[in-house]
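Enquirer: Sequence:
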Amino acid sequence: LGRGEKKICVVGAMHAREHITTSYLMRCIEDYAAGYYSQSGWLDGYNVRNLLDKYTLYIVPNCNPDGTETVLSGESPATQVITTSKGAYKANANGVNLNRNFPFGFGTYEKMSTLPHESTFPGQFAASEPETQALISLCEENSFELVLSFHIQGECVYWSDAINVNTANSELLADRISKAYGFYKCPTSTELSLFGGGFENWFRYTFSRPWRLAISANAKKWLMWLCTPPSEPSANRCRALLFAFALCIA
Numbered sequence: 165l166g167r168g169e170k171k172i173c174v175v176g177a178m179h180a181r182e183h184i185t186t187s188y189l190m191r192c193i194e195d196y197a198a199g200y201y202s203q204s205g206w207l208d209g210y211n212v213r214n215l216l217d218k219y220t221l222y223i224v225p226n227c228n229p230d231g232t233e234t235v236l237s238g239e240s241p242a243t244q245v246i247t248t249s250k251g252a253y254k255a256n257a258n259g260v261n262l263n264r265n266f267p268f269g270f271g272t273y274e275k276m277s278t279l280p281h282e283s284t285f286p287g288q289f290a291a292s293e294p295e296t297q298a299l300i301s302l303c304e305e306n307s308f309e310l311v312l313s314f315h316i317q318g319e320c321v322y323w324s325d326a327i328n329v330n331t332a333n334s335e336l337l338a339d340r341i342s343k344a345y346g347f348y349k350c351p352t353s354t355e356l357s358l359f360g361g362g363f364e365n366w367f368r369y370t371f372s373r374p375w376r377l378a379i380s381a382n383a384k385k386w387l388m389w390l391c392t393p394p395s396e397p398s399a400n401r402c403r404a405l406l407f408a409f410a411l412c413i414a
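To convert, count from 1 in the sequence shown and add 164; that's the working numbering.
None of these hints come from the bench; they were simulated from the model. Fair warning: there could be bad hints in the mix.
Lysine-lysine pairs mimicking DSS-like chemistry, simulated, CA-CA at most 30 Å apart [stated by the list, open to error]: (1) 218 to 170; (2) 275 to 171; (3) 343 to 171; (4) 349 to 275; (5) 349 to 218; (6) 250 to 275; (7) 171 to 218; (8) 349 to 170; (9) 170 to 343; (10) 171 to 349.
Cβ-Cβ distance ranges computed for the label pairs, FRET-style [to be verified]: (11) 198 to 236: 24 to 32 Å; (12) 233 to 209: 33 to 41 Å; (13) 275 to 194: 20 to 28 Å.
Bear in mind the structure is a predicted one, so any value in this text is a computation, not a measurement. From the three backbone atoms N, C-alpha and C, an ideal C-beta is built for every residue, glycine too.
Take the sequences, apply the hints, and build the full model.
Expert: The following block contains the structure:
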């Protein structure tokens, strides 16, 4: 979405149960496109046309469609997966947590399942899953200024880990977003079991890019933002979130 040379990658539903982030991103796509082609080119206080002439948004609304289908349909995945409840299901159809499957610190962390599991199985080997491979290819084929991954818990910003400490001043963006949107800025992750194999961690390490964040808000807040009429300031403030990131790195 956009015509600009600078590129931003946005990913939703890394975890199956977080499919509401898909709806949020689809709303953003519709609203941004409408704003771009409106007479004024403005939306919610942002010059959409100007921003999308400078930036192109590569949006992956749902990077875990099979896992999402498992959650929404209530049916069991084809692979035998250790499952306690559909509401806790984070994995893909193979019972692999995609956010533990990237080739970064893979297999060196504890507290993970050795069998397909709803949330804690990293896979038999790094990048074993087609969803992981697709995101790796997308990032390798494009020089992204910023990569964002949206989640549903914590109302926080993940920006640093013990291996990637403040990569190219990523804390600067985390501070700006925390201040603007009220998200809690998480401390640097120090336990490898919490960030090994992670998408954002792999990206920072591989490309040494500053702007790679994981953004979390609880499900009720995503739903509130989606259901709030566009005329309400809270809806506008959330709807313009991706543009806020663009302006922060400009």
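Enquirer: Take the hints in turn and mark each one as holding or not.
Expert: Hints and how they fare:
Straight-line distance between C-alpha atoms of residue 218 and residue 170 comes to about 6 Å, which keeps the hinted pair within the 30 Å bound. Straight-line distance between C-alpha atoms of residue 275 and residue 171 comes to about 36 Å, which puts the hinted pair past the 30 Å bound. Between the alpha carbons of residue 343 and residue 171 the distance comes to roughly 24 Å, so the proposed pair stays at or under 30 Å and holds. The straight-line distance between the Cα atoms of residue 349 and residue 275 is roughly 25 Å, inside the 30 Å bound, and the hint therefore holds.
Restraint check: the Cα-Cα separation between residue 349 and residue 218 comes to about 28 Å, which is no more than 30 Å; the hinted pair holds. About 21 Å separates the Cα atoms of residue 250 and residue 275, which keeps this hinted pair within 30 Å; it holds. For the given pair, residue 171 sits about 9 Å from residue 218 by alpha-carbon distance, which is consistent with the 30 Å threshold. Between residue 349 and residue 170, the direct Cα distance comes to roughly 26 Å. Compliance with the 30 Å bound is thereby established for this hinted pair.
Between residue 170 and residue 343, the direct Cα distance comes to roughly 25 Å. Compliance with the 30 Å bound is thereby established for this hinted pair. Restraint check for residue 171 and residue 349: the C-alpha separation of about 24 Å stays at or below 30 Å, so the hint holds. Hint check: residue 198 to residue 236, Cβ distance near 27 Å, so the stated range 24 to 32 Å holds. Distance hint check: the CB atoms of residue 233 and residue 209 are about 37 Å apart, consistent with the given range 33 to 41 Å.
Take residue 275 and residue 194: their Cβ atoms lie about 40 Å apart, and the range 20 to 28 Å is violated.
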